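Listed in order, the protein sequences are those of chains A and B. Position 198, counted from 1, in the first sequence is what the working numbering calls 198; the numbers after and before it change by one each time, with no gaps. Position 331, counted from 1, in the second sequence is what the working numbering calls 331; the numbers after and before it change by one each time, with no gaps.
Since the hints were made in silico from the structure, they are not lab data. Note that the structure is a prediction, hence the values are computed from the model and not measured. Please note that the accuracy of each hint is not assured.
[Stated by the list, open to error] Residues from chain A that face chain B, not an exhaustive set, calculated with beta carbons under 10 angstroms: (1) R35; (2) Y72; (3) P73; (4) L87; (5) L211; (6) K217; (7) L218; (8) P219; (9) S226.
Heads up, the beta-carbon is just placed ideally off N, CA and C, and yes, glycines get one too.
Read off the chains here:
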Amino acid sequence: MILVRSADESKSQPLTRVAGFFSCVNRDNYTRSLRHSIFKVIAVLAGVTVSCFLLSYLLVLLFEAARIYLKYPGRNLLVVGMLVVGLIAHSIFLINQFSLGALADERPQLLSNWFQWAVLGAWGLAVAGLILTIRNPNGSIGLFLMPLVLTLIGLGLLLRDAAPFHPSTTVNLWLGIHGVGLVVSTMFIALGFAFGVMYLVQSYRLKTRKLSRIRIKLPALDFLQSMNRLSIFASSIGLAIGLISGIILNFNREGQISWINGEIVFAFALFAWVLVAAILELTSRGALGGRRSAYLVIANFAFMVLALALVLYGSHGQSAPTTQHQPHSKFQQPEMHG
Amino acid sequence: MHWSMVGWSHHHTPLDVREKLAFSTEQVVDVLRKFCTQFPETEAVLISTCNRVELYCATRQAEKLPDSDDIGSFLANYHQLDYGDVSEQRMAAVGADSLKHLFMVAASLDSMIVGEAQILSQVKAAYELACQGQTAAALMHQAFQRATVVARRVANETEIHRRRISVPSVAVSEIAANFFERFDDKRILLIGAGDMGMETLRYLIDAGAKSIRIVNRNSERAASLAHQLGGEALPWEQLDQSLADADLVVSTTSATEPIMSLERFKSIRSKRSARAVLILDLAVPRDFEKAIADLSDVYLYSVDDLQQVCDRNIQARQQEWPKAEQIVEAEVHKFLGESVLRGSGPTIKKLREQAEGIKQDELQRLLGKLASRGIVDPQAIKEVDIAFGRLVNKLLHPPLSALRDNSDATHHASLIDALRRLFQIND
Numbered sequence: 001m002i003l004v005r006s007a008d009e010s011k012s013q014p015l016t017r018v019a020g021f022f023s024c025v026n027r028d029n030y031t032r033s034l035r036h037s038i039f040k041v042i043a044v045l046a047g048v049t050v051s052c053f054l055l056s057y058l059l060v061l062l063f064e065a066a067r068i069y070l071k072y073p074g075r076n077l078l079v080v081g082m083l084v085v086g087l088i089a090h091s092i093f094l095i096n097q098f099s100l101g102a103l104a105d106e107r108p109q110l111l112s113n114w115f116q117w118a119v120l121g122a123w124g125l126a127v128a129g130l131i132l133t134i135r136n137p138n139g140s141i142g143l144f145l146m147p148l149v150l151t152l153i154g155l156g157l158l159l160r161d162a163a164p165f166h167p168s169t170t171v172n173l174w175l176g177i178h179g180v181g182l183v184v185s186t187m188f189i190a191l192g193f194a195f196g197v198m199y200l201v202q203s204y205r206l207k208t209r210k211l212s213r214i215r216i217k218l219p220a221l222d223f224l225q226s227m228n229r230l231s232i233f234a235s236s237i238g239l240a241i242g243l244i245s246g247i248i249l250n251f252n253r254e255g256q257i258s259w260i261n262g263e264i265v266f267a268f269a270l271f272a273w274v275l276v277a278a279i280l281e282l283t284s285r286g287a288l289g290g291r292r293s294a295y296l297v298i299a300n301f302a303f304m305v306l307a308l309a310l311v312l313y314g315s316h317g318q319s320a321p322t323t324q325h326q327p328h329s330k331f332q333q334p335e336m337h338g
Numbered sequence: 001m002h003w004s005m006v007g008w009s010h011h012h013t014p015l016d017v018r019e020k021l022a023f024s025t026e027q028v029v030d031v032l033r034k035f036c037t038q039f040p041e042t043e044a045v046l047i048s049t050c051n052r053v054e055l056y057c058a059t060r061q062a063e064k065l066p067d068s069d070d071i072g073s074f075l076a077n078y079h080q081l082d083y084g085d086v087s088e089q090r091m092a093a094v095g096a097d098s099l100k101h102l103f104m105v106a107a108s109l110d111s112m113i114v115g116e117a118q119i120l121s122q123v124k125a126a127y128e129l130a131c132q133g134q135t136a137a138a139l140m141h142q143a144f145q146r147a148t149v150v151a152r153r154v155a156n157e158t159e160i161h162r163r164r165i166s167v168p169s170v171a172v173s174e175i176a177a178n179f180f181e182r183f184d185d186k187r188i189l190l191i192g193a194g195d196m197g198m199e200t201l202r203y204l205i206d207a208g209a210k211s212i213r214i215v216n217r218n219s220e221r222a223a224s225l226a227h228q229l230g231g232e233a234l235p236w237e238q239l240d241q242s243l244a245d246a247d248l249v250v251s252t253t254s255a256t257e258p259i260m261s262l263e264r265f266k267s268i269r270s271k272r273s274a275r276a277v278l279i280l281d282l283a284v285p286r287d288f289e290k291a292i293a294d295l296s297d298v299y300l301y302s303v304d305d306l307q308q309v310c311d312r313n314i315q316a317r318q319q320e321w322p323k324a325e326q327i328v329e330a331e332v333h334k335f336l337g338e339s340v341l342r343g344s345g346p347t348i349k350k351l352r353e354q355a356e357g358i359k360q361d362e363l364q365r366l367l368g369k370l371a372s373r374g375i376v377d378p379q380a381i382k383e384v385d386i387a388f389g390r391l392v393n394k395l396l397h398p399p400l401s402a403l404r405d406n407s408d409a410t411h412h413a414s415l416i417d418a419l420r421r422l423f424q425i426n427d
């Protein structure tokens with residue numbers, strides 16, 4: 001029997017259920033001390049909440065902002081350290097959300113709701129932030145990236161009580177590809193936005209010869225431009241994969257797709273725009289130089305925010321409200337496009 | 001420990017005099033050997049650069065330290081110069097002042113261009129030369145090692161060394177580095193073959209630049225420079241095509257009118273892809289028309305723009321100077337305290353040996369008496385030995401603590417003297 005997880009249930013920590021799972025495992029195979037150690041580890045892991053990594057990322061942002069006004073020793077180490085701490089907590093939280101649920105006799109709930117989608121997207125951005133901060137220790141990248149990470153987490157928290165996308169807990173390849181494709185494209189569009197803004201700031205500073213007057217340090221202009229290009233191409237590929245897998249998913253389940261649905265139309269419009277941006281980036285020989293890429297990635301982001309707002313305003317991918325623990329099969333309720 | 005310094009520097013001595021007093025590497029080794037022969041028991045290091053000639057001396061006994069005029073005349077005589085002609089420009093420092101001067105020199109606070117990085121390696125090289133000639137030993141080792149530490153502290157804890165102050169270095173480290181992450185894959189074009197352009201190219205090569213093209217009206221000069229710097233010389237007629245290909249342009253011609261008008265540049269620009277270009281126009285008057293800077297994908301810097309950055313950096317360095325001087329003074333104080341403590345080591349050692357001798361004598365006498373009365377318990381003997389040791393340590397603790405806590409040279413010397421008299425310690 002398959003259960004639909006209610007909003008409250010989706011908030012509970014699967015790790016606590018994993019603890020129960022271990023207590024039921026054949027006692028002859030595990031020594032008492034080993035079980036005790038496992039319980040202790042699980043108890044610690046289960047204690048990791050959104051607040052842990054949210055606070056770490058907030059501190060990273062504060063440290064980065066403090067650089068503008070203060071010179072303090074070890075600031076790079078502090079930023080990287082806090083980012084690592086946040087990512088460890090974030091990763092444990094995600095493992096708890098996605099993987100260990102299976103150990104508690106449940107199927108993996110990969111990207112089954114808005115909350116998971118936003119938290120995974122934020123994780124990807126934070127990983128990118130860590131890599132880029134290590135690569136450009138004085139680049140103040142966190143100052144531009146952390147607000148996006150925090151916004152995504154905040155969005156996830158806001159939508160924590162929203163019903164999951166799919167009432168089914170069965171593993172579906174196309175569903176996974178669809179979700180991952182969309183998360184990846186979101187990540188790259190958000191990254192592109194951060195780098196686009198950084199490019200415009202750096203370009204302005206170089207143009208107006210205000211480099212040494214403004215104390216903020218940014219990566220080199222050509223690096224920012226290459227990141228903008230990467231973001232344009234990667235997000236269009238991610239979006240294409242997400243859309244194609246979404247179409248296949250709906251055809252497989254329902255045999256049709258409602259093409260005139262407003263959200264789907266807008267999703268395709270977003271894809272079309274991102275595709276045009278990628279083609280423009282590849283072919284155009286305009287006079288704007290790297291600034292054109294920066295404008296394109298910022299436009300991508302604006303489009304995405306609009307698409308998200310429309311999707312959230314509508315009921316895209318969400319199941320109809322269900323009663324807690326109410327049993328039903330995946331065929332009882334029409335699958336929404338995810 | 002006693003230190004002194006005698007020398008001539010850019011502060012008071014003109015270049016022509018400094019040139020006469022300068023020493024080559026071979027001469028440094030020779031003059032140090034002769035100096036230490038004339039003044040035995042003296043350690044010596046000679047720093048000779050284009051901006052200074054300074055001889056540092058150190059001895060363990062004050063009376064062995066040569067007089068400033070003796071050192072000055074020795075150095076002048078080596079070059080067959082009349083000491084009277086150069087004595088007025090001579091500077092001299094003794095004790096803490098000489099150490100402070102050494103630390104200031106090593107930290108590049110006494111340099112003509114404050115914060116220039118070359119001086120530290122020159123100071124190190126001078127010390128190594130002295131070591132090779134065996135004219136530097138423990139005292140100089142301590143002083144020069146600390147000088148390196150001070151230089152690093154000043155470099156790390158202040159912004160003095162971080163801010164460049166020459167136009168070519170600012171152009172590369174503060175402008176080009178904010179534009180390009182790496183230079184090895186960038187096409188660099190030098191227009192003209194002036195000194196400024198050459199120096200800028202050197203900085204770019206240090207930063208990793210590999211693809212360098214040089215366009216000059218005088219093709220021979222361009223070829224010579226290209227050969228020198230590992231670049232490619234192109235005829236003047238290929239200027240437009242080279243500009244269309246370039247990522248970074250350094251222009252330093254001596255033309256009296258701009259060589260690149262807005263219209264001409266616009267036609268070149270149409271041949272470029274959407275790549276932005278950085279132009280460092282280091283020529284006076286300008287090589288590129290000012291209006292070119294208004295094009296959205298062109299970042300044009302003139303000498304005036306770069307000079308403004310240099311001026312701001314010079315100002316910033318000056319603001320950092322007091323902080324750097326504080327570091328030097330703190331290090332001098334610390335160094336003197338440590339060397340005073342090191343100097344009192346033999347006295348303390350003798351005091352401890354003397355106390356240990358008395359302890360052993362008294363212990364043996366007591367043990368003899370106890371043995372004659374039949375008390376030979378090994379545990380009791382061990383306890384008595386420990387008690388005697390503790391007694392000696394407790395008696396010595398206050399005077400030794402006082403010595404440690406008063407590392408100020410004058411105070412410390414009188415305490416050492418008192419200790420020797422009170423405990424009758426003889427050298």
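Verification of the supplied hints:
| no. | hint | result |
| --- | --- | --- |
| 1 | R35 | violated (52 angstroms) |
| 2 | Y72 | violated (12 angstroms) |
| 3 | P73 | holds (8 angstroms) |
| 4 | L87 | violated (25 angstroms) |
| 5 | L211 | holds (6 angstroms) |
| 6 | K217 | holds (9 angstroms) |
| 7 | L218 | holds (8 angstroms) |
| 8 | P219 | holds (7 angstroms) |
| 9 | S226 | holds (8 angstroms) |
When the structure is compared with the earlier hints, violations turn up for hints 1, 2 and 4 and for no others.
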